[in-house]
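If you read the protein sequences in the order shown, they are chains G and W. First residue of the first sequence: 1, per the working numbering; consecutive thereafter. First residue of the second sequence: 1, per the working numbering; consecutive thereafter.
Hints listed in this document are in silico derivations from the structure and should not be mistaken for laboratory results. Here a beta-carbon is modelled for each residue, glycine too, at the ideal position from N, C-alpha and C. Among the hints, a few may not be true.
27 Å max Cα-Cα, derived DSSO-like pairs, lysine-lysine [what the hints assert, rightly or not]: (1) G/Lys42 to W/Lys44; (2) G/Lys57 to W/Lys9; (3) G/Lys5 to W/Lys44; (4) G/Lys15 to G/Lys58; (5) G/Lys71 to W/Lys44.
Computed Cβ-Cβ distance ranges for the label pairs, DEER-style [stated by the list, open to error]: (6) W/Thr110 to G/Ala70: 40 to 48 Å; (7) G/Pro8 to W/Pro83: 42 to 50 Å; (8) W/Gly63 to G/Gly41: 20 to 28 Å; (9) G/Lys58 to W/Thr96: 23 to 31 Å; (10) G/Phe39 to W/Lys44: 18 to 26 Å; (11) W/Glu79 to G/Thr109: 32 to 40 Å; (12) W/Leu80 to G/Gln72: 24 to 32 Å; (13) G/Ile20 to W/Gln17: 43 to 51 Å; (14) W/Lys57 to G/Gln9: 20 to 28 Å; (15) G/Ile20 to W/Pro8: 36 to 44 Å; (16) G/Ser55 to W/Pro8: 42 to 50 Å; (17) W/Ser69 to G/Asn111: 43 to 51 Å.
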Amino acid sequence: QQQVKQSPQSLIVQKGGISIINCAYENTAFDYFPWYQQFPGKGPALLIAIRPDVSEKKEGRFTISFNKSAKQFSLHIMDSQPGDSATYFCAASTSSGSRLTFGEGTQLTVNP
Amino acid sequence: NAGVTQTPKFRILKIGQSMTLQCTQDMNHNYMYWYRQDPGMGLKLIYYSVGAGITDKGEVPNGYNVSRSTTEDFPLRLELAAPSQTSVYFCASSLTGDTEAFFGQGTRLTVV
Numbered sequence: 001q002q003q004v005k006q007s008p009q010s011l012i013v014q015k016g017g018i019s020i021i022n023c024a025y026e027n028t029a030f031d032y033f034p035w036y037q038q039f040p041g042k043g044p045a046l047l048i049a050i051r052p053d054v055s056e057k058k059e060g061r062f063t064i065s066f067n068k069s070a071k072q073f074s075l076h077i078m079d080s081q082p083g084d085s086a087t088y089f090c091a092a093s094t095s096s097g098s099r100l101t102f103g104e105g106t107q108l109t110v111n112p
Numbered sequence: 001n002a003g004v005t006q007t008p009k010f011r012i013l014k015i016g017q018s019m020t021l022q023c024t025q026d027m028n029h030n031y032m033y034w035y036r037q038d039p040g041m042g043l044k045l046i047y048y049s050v051g052a053g054i055t056d057k058g059e060v061p062n063g064y065n066v067s068r069s070t071t072e073d074f075p076l077r078l079e080l081a082a083p084s085q086t087s088v089y090f091c092a093s094s095l096t097g098d099t100e101a102f103f104g105q106g107t108r109l110t111v112v
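Same shape as in the complex, but just chain W:
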C-alpha cells in the first residue's frame, strides 16, 4: 500500500534551472494538493486539483505550474528556479475536500 509517493526526496538546483517534482497516489483520490513548508513555518498551498483535468491556484502559485492528466499523478513544475523556492515540498491527496488527506514524505529542494 504505497499511498502518496513523491520523487525525488532531495534535489539541489542552480538559479534559473527548471525541474519537475513528481507525485503519484494509488488510492484513487480525487483531490490532490501541493504545499511548501519553509523552516519553522506552516504549510502554504501552491496548487490543488479536484479531479483529472482540473487545477486551481492556492496561496503561493507564482513560479510554479501543475497539470493533472490522470487521477494518479499531479506533477509540480518549477520554471526558472530562484533561491526563494528553497523549501520542503509536500504532495497530498484526499478522496474529497472533507476527508483525510494523506501526505507524501516530502521533497527537500535547495536552490543555489
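Excised from the complex, chain G in its bound form:
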C-alpha cells in the first residue's frame, strides 16, 4: 500500500510541446503529493506539490492535476524547454507522519 507507480519511464518531447507524467497510488491515507526534479549530478529538488483539497495546482509552466477517486495525479509541463530536460519523480506521504514514498522516475528529454 506504500507504492507509487510512475509512467512513462522515459519521455521525449519537442521544444514547445506538452510533457505529461502520470502517477498512481494505492494508499488512500496519502494526502501530500509532491513532484521533484533532478538534474544530472545533483540531488532532487522540490518542483511543485499538491494536497487533495484541490484538483489542480499551477506554478508557471508546471501544473499538477489530481484525481482523488482514481487515485492518480499527473504533472503537466507546458511549452517544454530544453532546460526542462531532467528526471522527474512523483512522491506521496501522509500528514500523520509516514515517510515520503517516491515513484520510479521519468527521464524527460526536450529536443530543441
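Take the given structure of chain G and dock chain W to it, following the hints.
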C-alpha cells in the same frame, strides 16, 4: 544557509572495507532519510528517522546501519562493502513527512 551537507562527495572502497557516509542538516528538521540511486534508476529508501533516537528500515536496509543521536546528524554506516553497494547515496531532511524534503548533493561510492 548550508541546508543538507553530505561528505565525502566521492569514495572508492575495496570489497570488505567499511565506511561511514556523513550527513548533517542545519534546518532543525525532524525527518531525515538515506536513499541510494543506481544509474538510470529511481530512489530507493535505505533508512529513515523521524527524530533523534528513532530510526526505521526502508526498502533496502541490508548491508547498512544508521544512528540518530542528534537532530542534525544522520550517518550511514556500510559494513563489509560489496560491489552491489556501488551507487550514489543521497541524504535528505524534512520538517515533517508531508513537507518539502531537501536533498544533499550526493556521495558517489564505488566498491571494487
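We went through each hint and held it up to the structure:
no. : hint                            : result
1   : G/Lys42 to W/Lys44              : holds (16 Å)
2   : G/Lys57 to W/Lys9               : violated (36 Å)
3   : G/Lys5 to W/Lys44               : holds (13 Å)
4   : G/Lys15 to G/Lys58              : holds (20 Å)
5   : G/Lys71 to W/Lys44              : holds (22 Å)
6   : W/Thr110 to G/Ala70: 40 to 48 Å : holds (42 Å)
7   : G/Pro8 to W/Pro83: 42 to 50 Å   : violated (30 Å)
8   : W/Gly63 to G/Gly41: 20 to 28 Å  : holds (25 Å)
9   : G/Lys58 to W/Thr96: 23 to 31 Å  : holds (24 Å)
10  : G/Phe39 to W/Lys44: 18 to 26 Å  : holds (20 Å)
11  : W/Glu79 to G/Thr109: 32 to 40 Å : holds (39 Å)
12  : W/Leu80 to G/Gln72: 24 to 32 Å  : violated (42 Å)
13  : G/Ile20 to W/Gln17: 43 to 51 Å  : holds (45 Å)
14  : W/Lys57 to G/Gln9: 20 to 28 Å   : holds (27 Å)
15  : G/Ile20 to W/Pro8: 36 to 44 Å   : holds (39 Å)
16  : G/Ser55 to W/Pro8: 42 to 50 Å   : holds (45 Å)
17  : W/Ser69 to G/Asn111: 43 to 51 Å : holds (49 Å)
Hints 2, 7 and 12, counting from the list given before, are not met by this structure.
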